[in-house]
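According to full-length UniProt numbering, the sequence shown is numbered sequentially starting from 1.
Heads up, some of the hints might be wrong.
[Claimed, not checked] The calculated lysine-lysine pairs, modelled on PhoX-like cross-linking and capped at a C-alpha distance of 20 angstroms, are:
#1 Lys418 with Lys451
#2 Lys539 with Lys451
#3 Lys508 with Lys539
#4 Lys26 with Lys46
#5 Lys473 with Lys539
[Claimed, not checked] Restraint-style ranges between C-beta atoms, simulated for each label pair:
#6 Ala88 with Lys208: 42 to 50 angstroms
#7 Arg563 with Asn304: 19 to 27 angstroms
#8 Thr450 with Ala326: 22 to 30 angstroms
#9 Trp393 with Gln468: 17 to 25 angstroms
#10 Gly258 with Lys451: 51 to 59 angstroms
#11 Tyr366 with Lys147: 29 to 37 angstroms
#12 Lys46 with Glu466: 51 to 59 angstroms
#13 Tyr366 with Leu109: 28 to 36 angstroms
#14 Trp393 with Pro447: 28 to 36 angstroms
#15 Thr306 with Thr450: 44 to 52 angstroms
#16 Pro447 with Pro260: 49 to 57 angstroms
#17 Asp272 with Trp426: 43 to 51 angstroms
#18 Ser205 with Lys46: 15 to 23 angstroms
#19 Ala326 with Lys147: 33 to 41 angstroms
In short, the hints are calculated from the structure, not lab data.
Note that the Cβ used here is the ideal one computed from N, Cα and C, for glycine as well.
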Amino acid sequence: GRRPLPVTEGLVEVRLPDGWSQVCDKGWSAHNSHVVCGMLGFPSEKRVNAAFYRLLAQRQQHSFGLHGVACMGTEAHLSLCSLEFYRANDTARCPGGGPAVVSCVPGPLYAASSGQKKQQQSKPQGEARVRLKSGAHPGEGRVEVLKASTWGTVCDRKWDLHAASVVCRELGFGSAREALSGARMGQGMGAIHLSEVRCSGQELSLWKCPHKNITAEDCSHSQDAGVRCNLPYTGAETRIRLSGGRSQHEGRVEVQIGGPGSLRWGLICGDDWGTLEAMVACRQLGLGYANHGLQETWYWDSGNITEVVMSGVRCTGTELSLDQCAHHGTHTTCKRTGTRFTAGVICSETASDLLLHSALVQETAYIEDRPLHMLYCAAEENCLASSARSANWPYGHRRLLRFSSQIHNLGRADFRPKAGRHSWVWHECHGHYHSMDIFTHYDILTPNGTKVAEGHKASFCLEDTECQEDVSKRYECANFGEQGITVGCWDLYRHDIDCQWIDITDVKPGNYILQIVINPNFEVAESDFTNNAMKCNCKYDGHRIWVHNCHIGDAFSEEANRRFERYPGQTSNQII
Numbered sequence: 001g002r003r004p005l006p007v008t009e010g011l012v013e014v015r016l017p018d019g020w021s022q023v024c025d026k027g028w029s030a031h032n033s034h035v036v037c038g039m040l041g042f043p044s045e046k047r048v049n050a051a052f053y054r055l056l057a058q059r060q061q062h063s064f065g066l067h068g069v070a071c072m073g074t075e076a077h078l079s080l081c082s083l084e085f086y087r088a089n090d091t092a093r094c095p096g097g098g099p100a101v102v103s104c105v106p107g108p109l110y111a112a113s114s115g116q117k118k119q120q121q122s123k124p125q126g127e128a129r130v131r132l133k134s135g136a137h138p139g140e141g142r143v144e145v146l147k148a149s150t151w152g153t154v155c156d157r158k159w160d161l162h163a164a165s166v167v168c169r170e171l172g173f174g175s176a177r178e179a180l181s182g183a184r185m186g187q188g189m190g191a192i193h194l195s196e197v198r199c200s201g202q203e204l205s206l207w208k209c210p211h212k213n214i215t216a217e218d219c220s221h222s223q224d225a226g227v228r229c230n231l232p233y234t235g236a237e238t239r240i241r242l243s244g245g246r247s248q249h250e251g252r253v254e255v256q257i258g259g260p261g262s263l264r265w266g267l268i269c270g271d272d273w274g275t276l277e278a279m280v281a282c283r284q285l286g287l288g289y290a291n292h293g294l295q296e297t298w299y300w301d302s303g304n305i306t307e308v309v310m311s312g313v314r315c316t317g318t319e320l321s322l323d324q325c326a327h328h329g330t331h332t333t334c335k336r337t338g339t340r341f342t343a344g345v346i347c348s349e350t351a352s353d354l355l356l357h358s359a360l361v362q363e364t365a366y367i368e369d370r371p372l373h374m375l376y377c378a379a380e381e382n383c384l385a386s387s388a389r390s391a392n393w394p395y396g397h398r399r400l401l402r403f404s405s406q407i408h409n410l411g412r413a414d415f416r417p418k419a420g421r422h423s424w425v426w427h428e429c430h431g432h433y434h435s436m437d438i439f440t441h442y443d444i445l446t447p448n449g450t451k452v453a454e455g456h457k458a459s460f461c462l463e464d465t466e467c468q469e470d471v472s473k474r475y476e477c478a479n480f481g482e483q484g485i486t487v488g489c490w491d492l493y494r495h496d497i498d499c500q501w502i503d504i505t506d507v508k509p510g511n512y513i514l515q516i517v518i519n520p521n522f523e524v525a526e527s528d529f530t531n532n533a534m535k536c537n538c539k540y541d542g543h544r545i546w547v548h549n550c551h552i553g554d555a556f557s558e559e560a561n562r563r564f565e566r567y568p569g570q571t572s573n574q575i576i
């Protein structure tokens, strides 16, 4: 009880209709412990100090409810094992035995003590070959597997709790609570690597299970498999709460600090509080994704909590709780004081997920020398390099790298601009409204990451250009219409429209990386920001450009990414 959460060891108790009961340990096996640990969110079990618990058991009253438990070790839940209940009139319960005791090994995310962490880090670990994407909570998401240095999804045919549990335990969680089918965790993009996965439940990796390699006709991304895993109880959600909101999914964030006997609740300074910090707060609260991270919360002023106890919070977005994020520590400093400038969140169980169609960029890239007299509007919208200001207007030209961008929404909620229609800005020159100041960044980088040219695209019009067969369009820009991208639709910015380019007039011949980042300032919440960047290799010889090897930032293995970054460039126009 004195150890920090999560509790990894102790007497096993099960809840029966008349309350909590212990389990008789006669015939208790490691398989039984494996199942119990899986239910409690731990991937594996270890031997327990039986002598200590025998001494403990002598001093306690016991109420046995179960006996004869015989698991195979592959079950996702104890109730699926062979077992017997004691009847009400059984007086001699568990003669010669004692209460069953289990000790579990936490996964890397939850290793409770530094000793366990060291032990786990000492094992050599290669790159994981399985991952979860787009889950609203830890331990859930679309299952993706690594094959031939590329990540792809798993088809849901024959997908069951056994296979899902193998994935969960492989990733350091417990057994699976649910095996999800029908792209319940959003659709992937790119390859589908596996189908008809049949696990016994004893495998250490999904790749060890019998499976079929897939062909294109077999399956579509609408059948992507997902999982929800059992997680250890850490108590993190008891150290955070929301106040003043219209529903339980929104409000001013309050956190609990201090040690035993001196616990107190306080507020978080709103300086630099954004979507990434809000994502962590919503995850810790168990409320899913963040819709908004708010720096002012005067309209939610309620309650008597006025002290700011946390400031300078900076999260990467992957943390399980706010205390894992960087922050100022005990000495808080806040530029804007007062409770009105404290942090708030609006959480949601669903979110959008934008993804760029990388192959289209590769297919459509070309160079155009565009006369300056045709670029007045583009200059006004800041779509040219800064050297264009000193050009001899309207004579001369700018060299532009043009390409098409097709942006898909593969999430579970529509992508909507952060600002409402009342604050969209009308641009007379192009005759349209901008609903987001910066929607995408376009950059040309040297292989070591130095920017040599950049462009940016305001979302002058977010709309459904095309949709999947069973989805109807909801957003279009004409007549001051609502802007957004519906789930299952995509927005196409053609190569021949203004600002759909990078001004490379000042770029010298050489080997470069073309990088496109969608929603770069995290202005709109998404379920997954790791797939917002796309990169291509390109060679520019001063006259022509070759663009190839375009891929989403998280689509390759770590080794393939390293090879991409070490790319020496083309010696001819033959792309191998």
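Consistency of the hints with the structure:
1. Lys418 with Lys451: 28 angstroms, violated
2. Lys539 with Lys451: Holds, because 15 angstroms separates the two Cα atoms, which is no more than 20 angstroms.
3. Lys508 with Lys539: 11 angstroms, holds
4. Lys26 with Lys46: 18 angstroms, holds
5. Lys473 with Lys539: 38 angstroms, violated
6. Ala88 with Lys208: 42 to 50 angstroms: 45 angstroms, holds
7. Arg563 with Asn304: 19 to 27 angstroms: 58 angstroms, violated
8. Thr450 with Ala326: 22 to 30 angstroms: Roughly 26 angstroms apart at Cβ, these two residues keep to the hinted range, so it holds.
9. Trp393 with Gln468: 17 to 25 angstroms: 45 angstroms, violated
10. Gly258 with Lys451: 51 to 59 angstroms: Violated - the Cβ-Cβ distance for Gly258 and Lys451, about 45 angstroms, lies outside 51 to 59 angstroms.
11. Tyr366 with Lys147: 29 to 37 angstroms: 33 angstroms, holds
12. Lys46 with Glu466: 51 to 59 angstroms: 54 angstroms, holds
13. Tyr366 with Leu109: 28 to 36 angstroms: About 46 angstroms separates the Cβ atoms of Tyr366 and Leu109, which means 28 to 36 angstroms is violated.
14. Trp393 with Pro447: 28 to 36 angstroms: The hinted range 28 to 36 angstroms holds for Trp393 and Pro447, with Cβ atoms some 34 angstroms apart.
15. Thr306 with Thr450: 44 to 52 angstroms: Distance hint for Thr306, Thr450 holds at roughly 47 angstroms.
16. Pro447 with Pro260: 49 to 57 angstroms: The hinted range 49 to 57 angstroms holds for Pro447 and Pro260, with Cβ atoms some 53 angstroms apart.
17. Asp272 with Trp426: 43 to 51 angstroms: Hint violated: Cβ distance 31 angstroms, outside 43 to 51 angstroms.
18. Ser205 with Lys46: 15 to 23 angstroms: 20 angstroms, holds
19. Ala326 with Lys147: 33 to 41 angstroms: 36 angstroms, holds
Consistency with the previously given hints fails for numbers 1, 5, 7, 9, 10, 13 and 17, ordered from lowest to highest.
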